[in-house]
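Could you build all of it, start to finish, from the sequences and the hints given here?
Just so you know, the protein sequences line up as chains A and B, in that order. For the first sequence, the numbering used here begins at 1 and goes up steadily by one. For the second sequence, the numbering used here begins at 1 and goes up steadily by one.
Don't read these hints as lab results, they were simulated from the structure. Among the hints, erroneous ones may be present.
Stated by the list, open to error - Below, simulated DSSO-like cross-link-like pairs (lysine-lysine); rule was C-alpha separation at most 27 Å, straight line:
# : chain 1 : residue 1 : chain 2 : residue 2
1 : B       : Lys279    : B       : Lys247
2 : B       : Lys215    : B       : Lys339
3 : B       : Lys393    : B       : Lys22
4 : B       : Lys279    : B       : Lys52
5 : B       : Lys139    : A       : Lys286
6 : A       : Lys30     : B       : Lys139
7 : A       : Lys261    : A       : Lys52
8 : A       : Lys286    : B       : Lys403
9 : B       : Lys207    : B       : Lys186
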Amino acid sequence: MLSALTKILVFPGFLFMSAYGLFLEYLDRKVYARLQHRSGPPWYQPLADFLKLLGKETIIPANANQRMFRILPVISLSAVATAFIYVPVLAKAPSASFEGDLIIVLYLLTIPTVSLFLAGWYSRSVYATIGSVRTLTQMFAYEVPLFMALLAPALIAQTWSVTGMAEFYSQNPLYHLLNIPAFFVALISGQGKLERAPFDLPEAETEIVAGPLVEYSGKLLAIFKMSAVCELVLIASLISAVFLPLMTGNPLLDFLLYLIKTMAVLLFLALLRSAMARLRMDQMIKFCWRILTPIAVVQIIINLVIRGVL
Amino acid sequence: MKPKKGNNRIVIPIGPQHPSLKEPGCFRITLEGEKVVHAEIDIGYNHRGLEKACESRNYIQTLYLIERVCGICSHTHSTAFCQGIEELAGLSIPPRAAYIRVIVSELERLHSHLLWLGVAGHEIGFDTLFMYSWRDREKVLDVLAEVCGNRVNYGINTIGGVRRDLDESMQQNIAKVIAFLEDQLKYYLDLALTDPTLSARLAGIGKLSREDALKYGAVGPVARAAGIMEDIRIIEPYAAYIEVPVKPVTDTRADVLGRTVVRIQEMLESLEIIGYCLKNLPGGELTVKAPRRIPAGEVISRTEAPRGENIHFIRANGTDILDRVRVRAPTEANWHGMKHMLEGEYLADVPITIAAIDPCYSCADRAIVINSERKTEMMDWQGLREYSIDWYKKRGLDLSAVKMPERKIYI
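Here is the structure:
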């Protein structure tokens, strides 16, 4: 019981996720800054930002829905924390695992987005409302390719468990080469899921100030920010577990590999962020449905055929 | 602001405080979904009473005040003003001074356009371009600081010439910066024409066709991007532009991409001009002696600011105090087409469309207009004072006893 709780709350659960998330945020900001010829923040900057926000006054708009306004950041963070339990950090020892947990993770991944939408909706501000609508519209664009890209490898592995997939591919590493198109689709639509440039339309600063979070401040904003950071860890871990499965069986070595893999994913996401301008909503939807989704569909067809051959 | 019900329309205020605006201005955008159906432009938040302030100072003091009309294109305003005064006084400046004026004016164009490129990048969420172009702009500012002693508001112009000379080492440093910028600018031009996300966000946005540009009286890069060759340096050369060859830069795209390309090509042209000036810099005096009292008369002086045609109307009354100066900053001419450009666009394109004319809000704000329920009224100096006395009276402060300083005229 105690060891299970430790796994969920401390390592490799919530506490590790938050700490690693802050580190990844630092890395992201540093890489982004270096790519732009800036020096970037010191290593403790994300933590300092978080602590500072915690100490600030929380202002809730008079005509916002008080209860929803307070509860939504917590729902968002807890959904991400729950999903992280099923993602393997150490080999063969995720905090929990069962057949079909991939579906649960994907389901839990939509909750932060929906809470962001509701947060904006209940803020009752024009900027927040437009940001909310964009959050939801964008979700319909990237969700389909993201899900299909993550489900395609599962067809070959013949398991719906994240850990099971990681094990299958580390035993048959050559099969992994088949999934390379899906890997890139997942990376790009993952960028959309994380609402980072070029898919940062919901919080497009120069258009709608901060989007759904425009009325948030203090602790509540800190929790939302933390939830976004944890989502970054979750997406990086999920993509590296599904698409970059390299396992040795040695827990320490596997943990090191996990760190390297997630950082590699993050570096790609940071590069994507610095190399492009923000897309417009119609351009993003076109891109997701005309390019990403067909690639994912072809991947699924190929994987189904290969599974029949096997 | 509450969303307006009915017709599925929302009114969203962009400004007066908004991350995309660097100065206060208010754009009330009526949206249907993400489409702009109506745009209302409200400027005038930054009225500073500069023209009025000029009327109680002598010509040299006014020169420094006029330079502060704009924080970015300050040199063009002081050049226009000096030229006007020189014309009234019948002075002709030494050739070296004319060349130095042109060099500073082209360096100013470079830093202004690089600043614009960065702002444009930021407006479309391309912060890397923003950081790159502002890094390059620093080099121009460094060299301007070396030449003039200041990063902006150079104070190099004086009536009858320029105040500082360009020595050998300054010329070499300018040449170094030019060589560095040439590669960078060619890279940016290539980027604007080939980068898919950049052209996706810029092409076809903020259309102002040739006919509309003429109708709304657009100036500068906005007009030149629509194919109208309107460059005061060419059609009415001043200072050393009479001798220096200036190639016209125009484009036919008539959208934000066209304006971007025009601006980058203009920067490349500026490099050529500076290079030519450095090579052919004549020797000699820097100033001619200017009289303290300027003969009575009226003059219109035009210069090509980075943002377009800049017009100064000056009336002198024979004393050492200016009678009237009226500044038509280029932004003022470009505001008129803005509503036309905004309507029918997506909300996402509003910030870049506004930024594409390179607006300089406080340069354009000249009068206070009070919009009440029905009527619109303009306030003059006296009216403004009465209004302020009234305003404070309601809050329990009586300021009517405070005397305004008498306007002194030295004859």
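Q) Within 27 Å, alpha carbon to alpha carbon, are Lys261(A) and Lys52(A)? A) violated, 31 Å
Q: Take a quick look at whether Lys393(B) and Lys22(B) sit within 27 Å of each other, Cα to Cα.
A: violated, 34 Å
Q) Is Lys286(A) within 27 Å of Lys403(B), Cα to Cα? A) violated, 66 Å
(Q) Check the hint pairing Lys207(B) with Lys186(B) against an upper bound of 27 Å on the C-alpha distance. (A) holds, 25 Å
(Q) For Lys30(A) and Lys139(B), compute the direct alpha-carbon distance and say whether it is at most 27 Å. (A) Status holds; Cα separation ~24 Å.
Q: For the pair we were handed, Lys139(B) and Lys286(A), check the Cα-Cα distance against 27 Å.
A: violated, 40 Å
Q. Do the alpha carbons of Lys215(B) and Lys339(B) lie within 27 Å of each other, as the hint requires?
A. holds, 13 Å
Q: Mind checking the alpha carbons of Lys279(B) and Lys52(B) for me, to see if they're no more than 27 Å apart?
A: violated, 42 Å
Q. If you draw a straight line from the CA of Lys279(B) to the CA of Lys247(B), is it 27 Å or shorter?
A. Between Lys279(B) and Lys247(B) the Cα gap is close to 18 Å, so the pair holds against 27 Å.
Checked against the numbered hints given earlier, the structure breaks hints 3, 4, 5, 7 and 8 and satisfies all the rest.
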